[in-house]
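Asker: Once you've looked at the hints, dock chain B with the ligands against the given chain A.
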Amino acid sequence: MQHTALADQTLELHDPHSFVTKYIWSQDHKVIAIQYGLTAVFVGLVALVLSGLMRLQLGFPDTFDFITPSSYLQFVTMHGMIMVIYLLTALLLGGFGNYLIPLMVGARDMVFPYMNMLSYWMYLLSVIILMASFFVPGGPTGAGWTLYPPQAILQGTPGYDWGIILMLVSLAVFIVAFTMGGLNYVTTVLQARTRGMTLMRMPLTIWGIFTATVLGLLAFPALLVSAIMMLLDKIVGTSFFMPALVSLGENLDYTGGSPVLFQHLFWFFGHPEVYIVALPAFGMVSDVLACHARKNIFGYRMMVWAIVAIGGLSFVVWAHHMYVSGMHPAFGFFFATTTLIIAVPTAIKVYNWVLTLWRGNIHLRVPMLFAIGFIFTFIHGGLTGLFLGNVTIDLPLSDTYFVVAHFHMVMGVSPIMVLFAAIYHWYPLMTGRMLNDALGKAHFWLTFLGTYAIYLPMHYLGFLGVPRRYFAMGSTDFIPESALSLNASITVSALIVGASQLIFLFNVFWSLRHGEKAGHNPWGATSLEWQTPDVPPHHGNWGPELPTVYRWAYDFSVPGASHDFIPQNEPPDAAHPTSDEHDERGGAI
Amino acid sequence: MDTSKPDNSGYTEPGVSGMVADWAADKQAFDMPWGKLMMWIFLLSDTFIFSIFLTGYMNVRLSATDNWPNPSEVFALEMFGHHLPLILIAIMTFVLITSSGTMAMAVNFAYRRDRRKTVLLMAATAVLGASFVGMQAFEWTKLIVDEGVRPWSNPMGAAQFGSTFFMITGFHGMHVTAGVIYLSIVARRVARGDYEQKGYAIVEIAGLYWHFVDLVWVFIFAFFYLW
Ligand code: HEM
Ligand SMILES: [Cu+2]
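The listed protein sequences correspond, in order, to chains A and B. For what it's worth, UniProt numbering labels the leading residue of the first sequence as 1, then goes sequentially. For what it's worth, UniProt numbering labels the leading residue of the second sequence as 1, then goes sequentially.
No lab work stands behind these hints, which were simulated from the structure alone. Quantities reported herein were computed from a predicted structural model and do not represent experimental measurements. Backbone N, C-alpha and C fix where the C-beta goes; we use that ideal spot for every residue, glycine too. One or more of the hints may lead you astray.
Over the 10 Å line for every Cβ pair with chain A, so calculated as not near, a few chain B residues [what the hints assert, rightly or not]:
id : residue
1  : Gly18
2  : Met79
3  : Arg116
4  : Val127
5  : Ala137
6  : Ala178
7  : Ala191
8  : Leu208
Calculated pairs, DSS-like style, for lysine-lysine (alpha carbon to alpha carbon, straight line, at most 30 Å) [said to hold, decoys possible]:
id : chain 1 : residue 1 : chain 2 : residue 2
9  : B       : Lys142    : A       : Lys234
10 : A       : Lys517    : A       : Lys441
11 : A       : Lys517    : A       : Lys22
12 : A       : Lys22     : B       : Lys117
13 : B       : Lys142    : A       : Lys22
14 : B       : Lys36     : B       : Lys198
15 : B       : Lys117    : B       : Lys36
16 : B       : Lys198    : B       : Lys117
Just chain A, with the same shape it has in the complex (with noise of 0.2 Å):
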């Protein structure tokens, strides 16, 4: 029995009359995937700031007198769980996988269009809730981003009455809200595809935000369960990971519980987490790389088949973060070399992705600097990577600023640039105007040589043994002058590249009205979201009927066909046949 797709069942888009259940309570993808990202974008900011705040500290010690220990700590905190949950996989997912799914598998909009709102109210209410820690008693929790106990809900942690509660509360409220949104982009992905998209037809975008989702789905258990443990605790008085402690003097009432269990439950969420970033990066940097150098992306299948492998492995690799836990040597062996073979498919990606640029008829705008930017920026994240992932050499570097560096440029800023490029790519789907290409590429240049000046220093930070998440260096023998002076200039940098996003913000705003007119298709792409009849899309995507699809997302430089692009719903001719990469044709590939 075939289902009817949302196509037929036109009754169940309630086209929106009054400017409330068009842009506030609305139930569209395209308006929620806004929604997401204008929200996303604004603690983005915030985190930015707080990013800036702590390298003013670091660079210039004892110059400002706002910023105490304590309030370090709570920087560091928020900087980092803003970054990760509340910015890029709201953005990535919520914003962006809302945005592309319907419209890249040709459906009229997300299966369950409701839920799909409550999603991101849910997720509004859980940012509320996090920017709510900031004006509590006590300020926000300063634990890290990982919330390690016992010491995350100790006397002596900042926020650790009110804050670590409205953090753990936040984040329980937002997986919550992915959990009704990533239901929606499953199954849309999986039941609602127009005709002919078959899965081996879908644009990689797709591919990373569906397996990415799949990853969230089942990682986010393990955050919720370690927040209500959490939680409990610390309201409660139970002890499931406060183990019997003196604190301040003080014998305390917990007794017998295991902080280890914590870290394990925690890394079971937080490595998955990683890709819940990278993968729909992946995808998505694919498809730009792809459309402006004109040519097929290089190995679709095994594009697909290493995203997936990617996702599985993610789950078996996490107590790499736990080697200075203490942990019996038969599981640092194991999980060490989980690790290293995860870097086997990733390399597969990273080579196809340079193949894609090989001969290709590169076009150098906006976009494609960023997505060219982001290989660079993930190969040296990546391999750092495979340095901590190896049991003998985390150990010396572990808690460092070379971790800081690793980390950042492998999960911050890479997946970051693979947004700028998203955002310049699709902008003049979402808003009809093309972005300031000058600007641009000032953005661009800023923000990919900032981004060295502030890292590749800090690499060197970390051989030095400076640790991370302090808050002054203070006299140590083992750290000279020269490290002092190295901070300075990070901060310089970090603070210029701060203040560069305002050219990018100032871009977005004006070429809203005064951009050019982007026309249908400016970028000759192939995928189904640039072929809807109206540019930007109208509700319900694509006027009476479906688009047909019948070929693969990457007819780029087809020879003989009349343009460099074929879209993916352009029917077959004799001249031009499908050319699905696993045609035996061989041109292809």
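Answerer: Chain B with the ligands only, in chain A's frame:
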């Protein structure tokens, strides 16, 4: 493979590659309504939640510093002058499993469009579920009032006994309660005839949730009461 055909249905390839091609064909991967697939995926996610709860419980139990109380003693009742270990749990489990039976029958009658029987059986399921929650409340009261077990302490040994017990059975009890509410709403709508047009897949979807909650209980039962 001839990819010029937009619709691959009806196209068969032999063996594994045929299966893959079939599954990856256009429109939909699983032959079921959207809501049903979504419920399956949600339950998969929920399975992870309960598995992690139970894994956490095992870990906490193994690393607890005090003695773990003997469950068959803790959960014994004096009935009719007899000392019956685990009797209440046995009844609770029986009730819940029976409710899965009535639910399965409700699904059957729903697809046959026998609305009266469907509603009756769903109501029976909800009542059985509610009485499960009632017995659970009784058990909690007994533990708290008579035995002095608290989430943070336990006169019989390890404090984690109470913590994990209240947390996990509480979380499960909330699932059952939510299920009772869910079933009641759906049953009401069935009675009103809201699904005459759309079809009765919704009853099966509610049933999936209910069976899942039931299955989870079997694991909780095994891990808490029999270990
Ligand atoms: C201009 C951009 C950024 C700057 C200048 C910056 C700077 C910093 C600094 C100074 C720290 C604290 C180091 C310490 O004392 O241990 C930090 C921590 C961190 N950052 Fe960033 N960061 C930036 C962007 C990002 C992005 C995009 C992410 C997204 C993944 C991110 C994720 C984190 C995390 C997870 C931590 C660790 C928090 C903790 O230790 O609990 N950062 N960052
Ligand atoms: Cu990891």
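Asker: The structure should be examined with respect to each hint, and the outcome stated for every one.
Answerer: Okay, the hints, checked on the actual structure:
no., hint, result
1, Gly18, "holds (14 Å)"
2, Met79, "holds (32 Å)"
3, Arg116, "holds (26 Å)"
4, Val127, "holds (29 Å)"
5, Ala137, "holds (18 Å)"
6, Ala178, "holds (13 Å)"
7, Ala191, "holds (23 Å)"
8, Leu208, "holds (14 Å)"
9, B:Lys142 / A:Lys234, "holds (25 Å)"
10, A:Lys517 / A:Lys441, "holds (19 Å)"
11, A:Lys517 / A:Lys22, "holds (24 Å)"
12, A:Lys22 / B:Lys117, "violated (42 Å)"
13, B:Lys142 / A:Lys22, "violated (54 Å)"
14, B:Lys36 / B:Lys198, "holds (14 Å)"
15, B:Lys117 / B:Lys36, "holds (22 Å)"
16, B:Lys198 / B:Lys117, "holds (19 Å)"
Violation of the numbered hints given earlier is confined to hints 12, 13; the remaining hints are satisfied by the structure.
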